[in-house]
Amino acid sequence: MCTVCGCSDLVTADGKVMTHDEAHRLGLAHSHARAFPSEAVSLPFPHVQATAAPHHGNRHHYGTGPAGVSVPGMSQARLIEVETSILAKNDAIAAANRRVLKALGVLALNLVSSPGSGKTTLLCRTIEELGDVPLAVIEGDQQTSADADRIRATGARAIQINTGKGCHLDAQMVGHAIDDLRPRPNSYLFIENVGNLVCPAAFDLGEDAKVAILSVTEGEDKPLKYPDMFTAAQLAILTKLDLAPHCDADLAAYEANLRRVNPAIHVLRLSTRSGEGMQDWLDWLRARLAEKAA
Amino acid sequence: MHEMSLAEGIRDIVWDQSRLHGFARVTVLRLEIGRFAGVEKPALEFAFDVVMRGSPAEGARLEMIDLPGRALCYDCRMTVEIADRFDPCPLCGSGRLLPAGGDEMRIKDMEVA
Chain A
206 MCTVCGCSDL
216 VTADGKVMTH
226 DEAHRLGLAH
236 SHARAFPSEA
246 VSLPFPHVQA
256 TAAPHHGNRH
266 HYGTGPAGVS
276 VPGMSQARLI
286 EVETSILAKN
296 DAIAAANRRV
306 LKALGVLALN
316 LVSSPGSGKT
326 TLLCRTIEEL
336 GDVPLAVIEG
346 DQQTSADADR
356 IRATGARAIQ
366 INTGKGCHLD
376 AQMVGHAIDD
386 LRPRPNSYLF
396 IENVGNLVCP
406 AAFDLGEDAK
416 VAILSVTEGE
426 DKPLKYPDMF
436 TAAQLAILTK
446 LDLAPHCDAD
456 LAAYEANLRR
466 VNPAIHVLRL
476 STRSGEGMQD
486 WLDWLRARLA
496 EKAA
Chain B
74 MHEMSLAEGI
84 RDIVWDQSRL
94 HGFARVTVLR
104 LEIGRFAGVE
114 KPALEFAFDV
124 VMRGSPAEGA
134 RLEMIDLPGR
144 ALCYDCRMTV
154 EIADRFDPCP
164 LCGSGRLLPA
174 GGDEMRIKDM
184 EVA
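Residue numbers (the working numbering), protein chains in the order written: chain A, 206 to 499; chain B, 74 to 186.
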């Protein structure tokens with residue numbers, strides 16, 4: 206159901222069939238199959254979602270959770286078949302995010318790694334190298350807006366999500382951030398997840414691909430220790446390549462272990478400091494954006 | 074991993090189901106957990122007890138049913154059952170396996186009153 210006007214029907218907007226809610230999120234003109242509830246008639250268009258995240262400015266806060274609501278029930282002992290994934294709610298919101306991003310031709314990448322692998326540094330360098338291409342960044346951290354501040358210093362648009370005690374971004378947080386950022390058509394959306402190689406693997410955000418960042422100081426066996434994340438990723442980037450000789454990093458062993466947990470994974474080697482490998486990464490990005498926009 | 078989030082997901086579904094079917098209390102809740110789901114069962118049991126307080130599933134018995142791990146073998150191209158994430162293919166011995174199942178985390182059913 207549309208959270209703005211209460212309409213539950215599919216609509217056609219910009220030549221594409223989508224849910225009513227998605228048309229609002231995309232800011233597209235569309236017709237209403239039935240009348241607005243009276244209190245919503247005068248809403249300006251495009252209008253703000255009724256269920257916006259708690260936020261001020263461009264920081265969203267998820268540190269406090271809402272209490273449940275009480276609902277009375279009738280009593281009768283019985284077995285109810287549920288057969289529902291525990292993450293079904295997240296997956297449904299992720300699917301909605303994915304439809305919105307597809308309609309806009311936005312390439313969304315979910316950057317995952319342990320803390321300190323160089324995600325933000327890689328992003329800042331990537332933004333500089335991409336030049337005038339429109340892009341937006343969603344930054345996830347438990348606390349502070351330090352990363353979004355670094356991204357905004359490059360001139361790019363960024364929203365910081367603070368997860369509070371949370372260990373990962375979920376689809377709803379990213380959906381609200383997308384609504385606020387309003388990514389431009391045929392642009393990049395980089396989602397820098399909370400630095401954590403465990404939990405973000407299970408939470409679909411609606412992205413096109415997970416990109417796992419692994420720095421050469423972390424140990425060749427890391428893909429074996431945290432297989433879920435590297436299994437979920439389409440691309441792995443070995444970063445801090447300039448440090449490899451100083452810490453006796455065995456790059457072939459890194460790649461072999463990545464392929465052991467995920468035979469299909471694509472691997473790039475890169476140093477933001479020296480610039481080595483940046484071109485391969487930019488080529489990969491441009492090819493994926495061209496596929497998405499096609 | 075994130076057992077508290079999982080317990081919150083279960084609580085949301087419990088509330089949805091209680092509205093749908095009109096029950097007041099869940100007595101038993103059965104989950105199916107894949108071997109590769111990465112769920113730490115004692116942690117989920119602890120989180121379940123805490124998170125369900127005040128919901129229809131407060132005090133419910135939690136049962137977890139294990140589902141096998143399945144993987145696609147890149148060499149013999151068969152889908153096989155494996156017990157451990159890094160086990161070789163039981164058919165051809167290859168180590169190039171991609172998990173193809175066993176990451177399930179779902180509520181199978183619940184007994185309600």
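Errors might be hidden in some of the hints.
[Unchecked claim] Listed below are the simulated EDC-like cross-link pairs for lysine to aspartate or glutamate, each with C-alpha atoms no more than 16 Å apart in a straight line: (1) A:K294 / B:E81; (2) A:K370 / B:E177; (3) B:K114 / B:D139; (4) A:K294 / B:D157; (5) A:K430 / A:D453; (6) B:K114 / B:E76; (7) A:K370 / B:E76; (8) A:K430 / B:D157; (9) A:K294 / B:D89; (10) A:K294 / B:D85; (11) B:K181 / A:E288; (12) A:K430 / B:D160; (13) B:K181 / A:E460; (14) A:K307 / A:D219.
In short, the hints are calculated from the structure, not lab data. For clarity, every value in this text was computed on a predicted model and none was experimentally measured.
For each hint given before, does the structure comply? Return the numbers of the non-compliant ones in rising order. Of the numbered hints, 2, 4, 5, 13 do not hold.
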